[in-house]
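Residue numbers (my numbering), protein chains in the order written: chain S, 2 to 480; chain C, 9 to 322.
Note that these hints are calculated values from the structure, not bench results.
There could be a bad hint or two in this list.
Short derived list, chain C residues pointing at chain S, Cβ under 7 Å [unchecked claim]: (1) M9; (2) L10; (3) S11; (4) A14; (5) G108; (6) N119; (7) H154; (8) R157.
C-beta atoms are modelled at their ideal positions from N, C-alpha and C, and glycine is treated no differently.
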Amino acid sequence: MVMTNIFDEFHAPDGCVRDHYASYQAWLDTVAATTIAQKREEADSAFHRHGITFAVYGEESGTERLIPFDILPRIIPAAEWRMLERGLRQRVAALNAFLHDIYSAQRIVKAGLIPAEQVFRNAQYRPEMQDIAVRNHLYALISGIDIVRAALPGQTPDSALYYVLEDNLRVPSGVSYMLENRRMMMRLFPELFSRYAVAPVEHYPDLLLDTLRQAAPAGIDDPTVVVLTPGAYNSAYFEHAFLAQQMGVELVEGQDMFVQDETLYMRTTQGPRRVDVIYRRIDDDFLDPLAFRSDSVLGVAGLLSVYRAGRVSLANAIGTGVADDKSIYPYVPDMVRFYLSEEPILANVPTWQCRKPDELSYVLANMAELVVKETHGAGGYGMLVGPASTAAEIAAFRERVKAAPDTYIAQPTLALSACPTFVEAGIAPRHIDLRPFVLSGKTVRMAPGGLTRVALKAGSLVVNSSQGGGTKDTWVLED
Amino acid sequence: MLSRTADHLYWMARYTERAENLARLLDVTYRMSLQMPGASGGYWGAALGITGLDGAFRARHGDSIEAQAVLRFMALDVDNPSSLPACLKAARENCHAVRGTVTSEVWETINTTWLEGRSAVAHLASGAIEGSELTKYFEWVKFRSHLSRGVTVGTMLQDVAFHFIRLGTFLERADNTARILDVKYDELAPAESSTNEYYEWSALLRSVSAFEIYRKVYRDVVSPNRVAELLILREDMPRSLHACLREVHQILGLVANARSQETQRQAGLAYSRLRYGRIEDILQVGVHAYLTDFLGAIAGIGNGIARDFLVPVQ
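Pulled out of the complex, with its shape left as it was, chain C reads as follows (with noise of 0.2 Å):
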């Protein structure tokens, strides 16, 4: 496979990915915000934070954290790199340079979720944004993406091509689950209070489809250690870490080549620490610090791909 071909399907897929991730965390940040009015402000800004949007948002807004804007700004300005509309339109970009590589079916998909994507866009963005419409919107955009992940695997050879896009596929899941657990960890979420407690780890639950898990895994009341120990270690969580982890690891060794082993390495033993960790070791270094380590890693695996397959060799 042409590495820079690689390219366009690893980043096709993460795109994709980032944008299902995106609009989980805009609707836990919504559900969250209209539960609890007075820490909306705060939900809003660790919303920012964990995406790294923080900077790029007061560029162009000023200090003051506005519900609405953080939500126009990440939801549907086309002009915010980061934004839900950019990533479904760079998932759709990266598809069309490769449209050949994939099946038929794949590239409709992709396509056809732009399109309908950028109506939805431009509708939403030219009047007062309605809390039902917004949420149907966000159900759309992860539906798009469960379809997208079901049309590769329900249509494409498992060849490299495929590797490349579940290989994007995971690390940036990854990526997304910690962060998404970050903003009830990240010292910029607002202060507990026990009333609100029991909806924001519910909330947190729901964005990442783990609410029925939960109850199904340990069949008790929501605590706060295990949602981490559910969203980090365990294996058979598809959003969880561990999970995610696991896929890339057994990827990196199908795509193997003769630079790759370090990041082999790396990916082995980011996935060991969470194949044979425990929770009480998570909590002791403290789940912040830990998921803050993690994204590092996540990071060094993405450039040592990055340098091992898809930048050309000169």
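So that you can see chain S by itself, here it is in the shape it has in the complex (with noise of 0.2 Å):
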């Protein structure tokens, strides 16, 4: 699909260089084709030795492959990265009161800015979490907003803008990778450090710990914290076990812990040992087999009921969903005024309801140059990008629109802004995103950038690592 007004990170529309790149380029200019080579040989090596892989669903029982990584960084100037951490910062604040407000006075609906049936007959809404105290009031405490920087169609290149493209407040995952990434650039090139002034990112375990402890049930000085994974054969068992580490606190499985007298305990060498707080990385689904799916293994019998007497605290809390949900999303700059009476400062981008006739007529008529999604897909699953499918396509996924126009959106084929990348026949551009990870605790924090995804594949918009997305370290310039 060819894209024309597509905005390059690396260079200004006159060619040259821009200014936060310009010393990586003159370093770049004094190494060898063959020592770029070598580094990145250097660098899956050491990713296969530490062992960061995830597992593949579907082939061979213990198949891990590595996330391919590209040494080539993403760089985002001071100024750019304080407007977005002013924006997410607001952004999910909203998100929260919002998450807040829909599982107790249900303020928003009432003031008529949502429809009821768009929260309460949304797959993600829990009715179980009805006027259940959460702590501090807060239920995503740690989010991963998608961003990506583009131009809309008919806009020039250089008028692009960073937009939310999509929030993720279940189980957001990558900030391992982020902070892999950062130790490998590091140790493959520590001179480009002295060039650059970069934002450390290396504390976010200490703030992921510290936000996890606030979380803990009232009067507990000294909580339990333990991350809940579903096992070593998860796609993302590398970074549950990571955050467990770089946090010292324990890797829990759902079958090491059961509940007693309104108490979640796991067994350990010296018997039962009380858990407080629980960052757990499996879905609302699995999480208790007595309230949930009846065939989870994964979960604790009788979890929801410790947690809805306020004995532990869940990261995040259940039933997040419903506020990620992409049929909740043309909402979001709505709740940022609605709850915090302020102007939204990140834009979303602009999204087609389908579940409205006259916008599903346009949908209908120009499906050819939109990007159409299911308002329950993640991961680059069920949907459609208009310009990159055939005829054919289009008219199936316009039967499955029409069929079920309340599932889906739409919104215009964004651009993704490129930024060079190591491939087969040397640098190229290639589209990217970002997903910085935001903590909401008694205030709200961030590591500076967060998870730069990059599409390997040439002139590809998808940049998920399921479909063949890379990574690369990105640095937030201090002044």
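Join the two chains, each given in its own frame, into one complex according to the hints.
Structure, rendered in structure tokens:
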């Protein structure tokens, strides 16, 4: 697909290297191509040795793959990050206010800003959470907000803005790659870090632990925090183990815990020990076979009752998915205005809701230019990229949308910004996005930057690791 | 510490130690069979017997014990759950399950052993086995085990995780030393001939890195009774049963919980028998009978550890 309005992160429209990449280019000019090739191999072998891999579903058991790592960093100037940080802080505060609201007074629905059925008929809405006292009224303690820089169709490349493409408020992953990518870059290219003042990210696990401890049930001064993983065969297991280790807390599986007398315990070599805060990396459905899916072997029977009694905290809370659902996404700017009385700093991508008849007819008529997404889809599945699809694919998808318009939204096909990337043939531009990780405690905090994902296939706009995406280190510059 | 975590750490250490001792056993068997080609089948049969793999081998390869087949079965066969590569894999999988509990150095060492072992095994299995390559492979397995242990002692906090790793190491080593020693005392072993005897005993000593120690301690010719004394009773010999049980007994004291009294008592009893035992008494019972009894005690302590610490309390 040919896109003409792609924002080039590296070069200005006049072809010159942008100021914040100038020093990198100067350094690159002094480095031999063979050195770069050798560094790339070194990175691959180190990632293998460290076991920084993800398991691939559906392949021979034990198959582990690397997420490709690109050694050319993505650089964000200080002023741009300050704007992003303010915007993220605001957006996540509004999302948490929304979650608290819909599980208590439901003011936003009563005010008529969001249709009731959009919230209460949503598969991610959890009636079990109604009027449950969630510690500090914070539901999404860890959020991953996907941001893209793009010019809208018809605009010039350099009018590109940062847009929020998606909010991830359930179990966003990828932060371990943010940390490992930085470690790798410092190991491979220490000299680059003397050329640039790069804001550090290594303290993220400390921030995370502090955030989790703040969420402990009232009256617990020295809470026991654990990370709950589905197990070693989960695709994100590396990250679960990594975060538990970095925080110095136990990595538990459901089978390690049990409920007795309205209290959650884990089994230890010294007998049962009480658990106060769970950073859970499994979905709501699997948390408690007594409350949700009864066939789940990943959770703990009785967990929900302990949670409802306020005797254990979950991060994130149950039922946060209702706020990051694609059908709710169009309302987030309104949430900012409603709860914070502020104008949104970060824009949403213009979105057509197929449940509205006039917007549906626009979508059906212009499908070839749009990206159409299932509201419950994730990971790049269940979507149509109009310009990259054949007429037959579009026709088939049109029928699916017509059959259930409520479950689709559409957006213009965004020309995601491109950043130079090392590929087989040398250096070539590839599309990127950014996932900052936002922590909500007494204050909202984040490590500068986040995870930059890159679509390694030429022309591809899909950055998901399950679909051939890679990652880059993300440098936020300090003034 | 989570019981499941302790379980993985303990078995990670046991499989690492088991791989090392299996390499030692295969190495000594291979050397003896080269020196005494006529008795080769007997040596390999004994190696199968003492590792408890006799039945599994016969099920796969029939009743004729052929050196190359046994060697491949124990050193290279990834489908044999007790083979060298299977031990390295099990050590790695246990470590992978608790990689956050050990230092990154420990994890990388165990993971690298598995990655490199996989290629080494694939390479060896693809052609006719060359003696020199085989010896190198056994040396490599031993070296990687030394490295795992060294990186554990050199980088890990001496907390409960460390204790369960060490517990696994010494319990497994006690078991394995007893089995290696039994190669010569077991009735499965070929009948002695005086000309071979020196080579057999010195090969056995070398297999547990004890040949030079023997010379240093006894300053005399190699005699079976002293070999038994060295590997069973010497307190300062790092692979002796005495040294291993001293560690097991001490570590059980460090990790003790409300349920572990009986296991501690059994370990204390086994330790005292070694601490205060005399070689004359052992010879009177017969070394093979003594070792058989000892292996039973080790199995009992292993079951106790699993029950008291590792298996979840329902």
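> Among all the numbered hints in the text so far, which are the ones the structure does not match?
Replying inline: 7, 8
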